[in-house]
Amino acid sequence: MRRLIRRLGLYLLAVWAAITVNFFLPRLAPGDPVAALQQRLQQRGSFNPASLDALRAEFGLNTNDPLWLQYLKYLNNLIHGNLGVSITRFPASVGDVIGQDIKWTLVLLSVSVLLSFSLGTLVGIFMAWNRGTAFDTALSSLMMFFYSILYPWLAIVAVYFLGFNLGWFPFAFGYDTSLTPGWSAEFIASAAYHAILPALTLIVSTIAGWMLTMRNSMVTTLSEDYVLLARAKGLSSRRVMFAYAARNAILPSVTGFAIALGTVVGGQLLVEIVFSYPGIGFDLFQAIQGQDYALADGILLLVIVATVFMNLIVDLLYTILDPRVREGRSVSA
Amino acid sequence: MTRGFSPLASPWPSRTAASALVALFMIAALVVSACASSSANNGKSGTKTLTALGFVGGSYTQDMSPFSPNVNVGVDGLVYENLEFVNGVTGKETPVLATGHQFSSDNKTLTFNIRQNVKWSDGQAFSANDVVFTFNMIKQYPGADGSGLWQHLASVASNDPNTVVMTFKDVDPPLLPFIEQTYIVPQHLWSSVGDPTKFTNTSPVGTGPMKLKSFTAQQITYVKNPTFWQADQVKVDQINYPAVNSNDTALLQLSSHQADWAGIFNSALNAQFVQKDPAHNHIYMVPVVPVQIVPNLKNPLLAQLPVRQAISAALDRQQMSASGEAGLEQAASPTGLMPGQEAYLDPKFSGKLPDFGAADANKAASILQGAGFKKGSDGIFADAQGHKLSFKATVPGDFNDYVQDLQIAQQNLKAAGIDLQLNKVSDDGWRSDRSGHNFDLIMTGGFFGPTPYYYLEPLLNSTHISGANATNWAGWNDKATDKLLAQYAGSSDPNVQKQAIQGVTAIMADQLPVIPVLDAIQFFEYTTTNWTGWPTPDNPYAIGSAYPLAAGDNEQVILHLTPAS
Chain A
1 MRRLIRRLGL YLLAVWAAIT VNFFLPRLAP GDPVAALQQR LQQRGSFNPA SLDALRAEFG
61 LNTNDPLWLQ YLKYLNNLIH GNLGVSITRF PASVGDVIGQ DIKWTLVLLS VSVLLSFSLG
121 TLVGIFMAWN RGTAFDTALS SLMMFFYSIL YPWLAIVAVY FLGFNLGWFP FAFGYDTSLT
181 PGWSAEFIAS AAYHAILPAL TLIVSTIAGW MLTMRNSMVT TLSEDYVLLA RAKGLSSRRV
241 MFAYAARNAI LPSVTGFAIA LGTVVGGQLL VEIVFSYPGI GFDLFQAIQG QDYALADGIL
301 LLVIVATVFM NLIVDLLYTI LDPRVREGRS VSA
Chain B
1 MTRGFSPLAS PWPSRTAASA LVALFMIAAL VVSACASSSA NNGKSGTKTL TALGFVGGSY
61 TQDMSPFSPN VNVGVDGLVY ENLEFVNGVT GKETPVLATG HQFSSDNKTL TFNIRQNVKW
121 SDGQAFSAND VVFTFNMIKQ YPGADGSGLW QHLASVASND PNTVVMTFKD VDPPLLPFIE
181 QTYIVPQHLW SSVGDPTKFT NTSPVGTGPM KLKSFTAQQI TYVKNPTFWQ ADQVKVDQIN
241 YPAVNSNDTA LLQLSSHQAD WAGIFNSALN AQFVQKDPAH NHIYMVPVVP VQIVPNLKNP
301 LLAQLPVRQA ISAALDRQQM SASGEAGLEQ AASPTGLMPG QEAYLDPKFS GKLPDFGAAD
361 ANKAASILQG AGFKKGSDGI FADAQGHKLS FKATVPGDFN DYVQDLQIAQ QNLKAAGIDL
421 QLNKVSDDGW RSDRSGHNFD LIMTGGFFGP TPYYYLEPLL NSTHISGANA TNWAGWNDKA
481 TDKLLAQYAG SSDPNVQKQA IQGVTAIMAD QLPVIPVLDA IQFFEYTTTN WTGWPTPDNP
541 YAIGSAYPLA AGDNEQVILH LTPAS
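Residue numbers (my numbering), protein chains in the order written: chain A, 1 to 333; chain B, 1 to 565.
For reference, chain A alone in the conformation it holds in the complex (with noise of 0.2 Å):
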């Protein structure tokens, strides 16, 4: 107990520290957010240094606080819940813009990551078991194939082929545009249908990553005395592939999933660029290239907070699966 309350204090520590971070860097980065809006604001007609001075006011630039008391601010708005207002999407909140979005950002990325991990894992067991045979080693070298194509082309080539020449699959959007977002059984047929194709290329370009992972580790655990003794004892394979070399071998793969469960949050800006799936990541990406502090600093919070979240989580999960852990032993020893 002691020990979690050292780390529950550890992970506060940790997001000041990333939201002290999150808000000064932006700010100490060269360029200026009314120079990008009075970019944006030209392209629709001339430019009026009267009206750009009335909505800097509106969003708030117009400041002449020094940085440490805006930082200050910044704190007692996030405590109270408030995120701000979006520069690039105004008059919208930082919160409405989130709220909007992470939806989609949360499903696709989840059930992916979900399906990655737990297919990945099963089959390195698989492989590590029957290691050295025809299967483990073909399997390896396939696997390292795919580790090593660069998404965005994986991506490209799907939407290519699979989407636009054969037709198989839609190559753009969430869902067919023409329905109406809700709970029918057409939307979300058109949803699933159209996160095929996203949630396919993600997990086969990341799938590969949990099967080595899990096979490297499992073998060096089947090598272990306690696999030998629990052989000896004439235990079933399956007992010992997994209630003994498995359960042993499978932390490092966890804390693994944890941390990709946690920067799920954050979307993924290339999925969203290359399939136009809608997402938190080009929210970012935009908010970034319109240095809109605000959205910004609200999407880099949120995932703060998930990762260092899930980090908690697995710290619980550790004390259930490593008994070392939970007597408070060091967990190398």
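Honestly, the hints are just simulated from the structure, not real lab data. Just so it is clear, CB atoms sit at the ideal spot from N, CA and C, and this is done for glycine as well. Careful: at least some of the hints might be erroneous.
Said to hold, decoys possible - Cut-off 27 Å, straight-line C-alpha distance, at most; resulting in silico cross-link-like pairs (DSSO-like, lysine-lysine):
1) B:Lys375 <-> B:Lys414
2) A:Lys73 <-> B:Lys198
3) B:Lys375 <-> B:Lys388
4) A:Lys103 <-> B:Lys198
5) B:Lys363 <-> B:Lys348
6) B:Lys169 <-> B:Lys139
7) B:Lys352 <-> B:Lys483
8) B:Lys213 <-> A:Lys103
9) B:Lys483 <-> B:Lys348
What the hints assert, rightly or not - Counterexamples of contact, computed for chain A against chain B with all Cβ distances above 12 Å:
10) Arg3
11) Asn22
12) Tyr71
13) Ile79
14) Ser223
15) Ala230
16) Leu321
Chain A is fixed; fit chain B onto it per the hints.
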């Protein structure tokens, strides 16, 4: 204050490494599969729907006030209308909510005749009071006055339901297009909304040809407005604007005829769109304003006309067009005029837009020799005091097309005995160097408007040399130019204005205050599979691009479209 619709930046999208990479791979994939047969579904829908890619940039947030800096596509022009449409290609005016206008003889009063029998889409009658209300609302909320109208207007009032009278603080007829293009909103709904830049306007009520059917983050859908005053001319029943994240997706949408209309850049447009179905797929890149290499006239070498002439003569504009700009932008005219603006040519050009001719390094060298420059042992010309013709060209490092154009210029100038180095800077650095005259040569676009005045005035008027928002980047300080520009600005007579522009274009061609290179364009792609009647170079009734910059133009396009038989 400077006016003009201004792609001050490169009109080409600047890309981050990530999206450039994606584009690169996309092109590679396109090339690889060039021989694979395309089985795109050329599905023709039964309903008369137009699908337009008017916004490439992620999901929508609803923002339907024409005065918002982030207004949604389709709000301007389709839902709300302006007083008069001014064609950006020809400068021709088409009456919309006003049937005409007159300046007083001293040009200090402007009267608009307001159209009768126009209804808002909620059934209420439109009147001059709505126009008066809109202008006075902009006065109250300066954030909505993007054109700075109230820096020159003194009052806007109406004596009867048919006319609106505007008075000016100073004589300023060039303000007219910006007044004409102000979108008019209904007083009965807007008088209580407060700041119009913050108003999301979720159920917009306008006078235009379309009205909002539905809004989602992924698509904005408009349907025909039955109360529109020219409803019988509108053949489009519905317009879909899906949210697209990239120009590559947009290209595939166009190519598979899932979209009818767009305004995107993609270097594969010819190969992957036009050539896939030349009978139906078309691009019409509308030239609007020159891209130029601006010399800093404070530099004693660049201040000499022969040096500028030699630089200009050596440039291979054809190669820049072909390899720097994917063949989409054409070589500029020394007058700074666009094709279609021949009426503004000085009579000495006898009605034909002059060109720079082919690159000629020998001609450049002989101009320099004639001016007393001598080639040094390193092959670079220098003046009698030994000052070498060696310059730095400032360019935003992420404007790939500009960088490539200047690399071509570098080779061209080297052959002519002039040394050119590229100075790649950030976008912000480029902007501040430009207005601060902190460069030798700088590559940039310009402002544009319905007549060449809106390009020439910011660029050449000596009043714009200094200040934080300086737009006379070269530092051109010439009494004759100023006088001609003042002649234009002081008159509302199109003939007097035309003569003034003719004078300035002659100065452009003869004295090279800036060196025009290419004609910057507005991107416009369309297919005639489902709809015909699009603007063409032969009938440029509007700038066809499907994006909000050409909002008033979009209304004209909708009025011209008819279903393909």
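To see whether the hints hold, each was checked on the structure:
no. : hint                  : result
1   : B:Lys375 <-> B:Lys414 : holds, 12 Å
2   : A:Lys73 <-> B:Lys198  : holds, 23 Å
3   : B:Lys375 <-> B:Lys388 : holds, 9 Å
4   : A:Lys103 <-> B:Lys198 : holds, 26 Å
5   : B:Lys363 <-> B:Lys348 : holds, 23 Å
6   : B:Lys169 <-> B:Lys139 : holds, 14 Å
7   : B:Lys352 <-> B:Lys483 : holds, 25 Å
8   : B:Lys213 <-> A:Lys103 : holds, 24 Å
9   : B:Lys483 <-> B:Lys348 : holds, 20 Å
10  : Arg3                  : holds, 41 Å
11  : Asn22                 : holds, 20 Å
12  : Tyr71                 : holds, 23 Å
13  : Ile79                 : holds, 25 Å
14  : Ser223                : holds, 42 Å
15  : Ala230                : holds, 48 Å
16  : Leu321                : holds, 37 Å
Comparing the model with each earlier hint shows no violations; every hint is respected.
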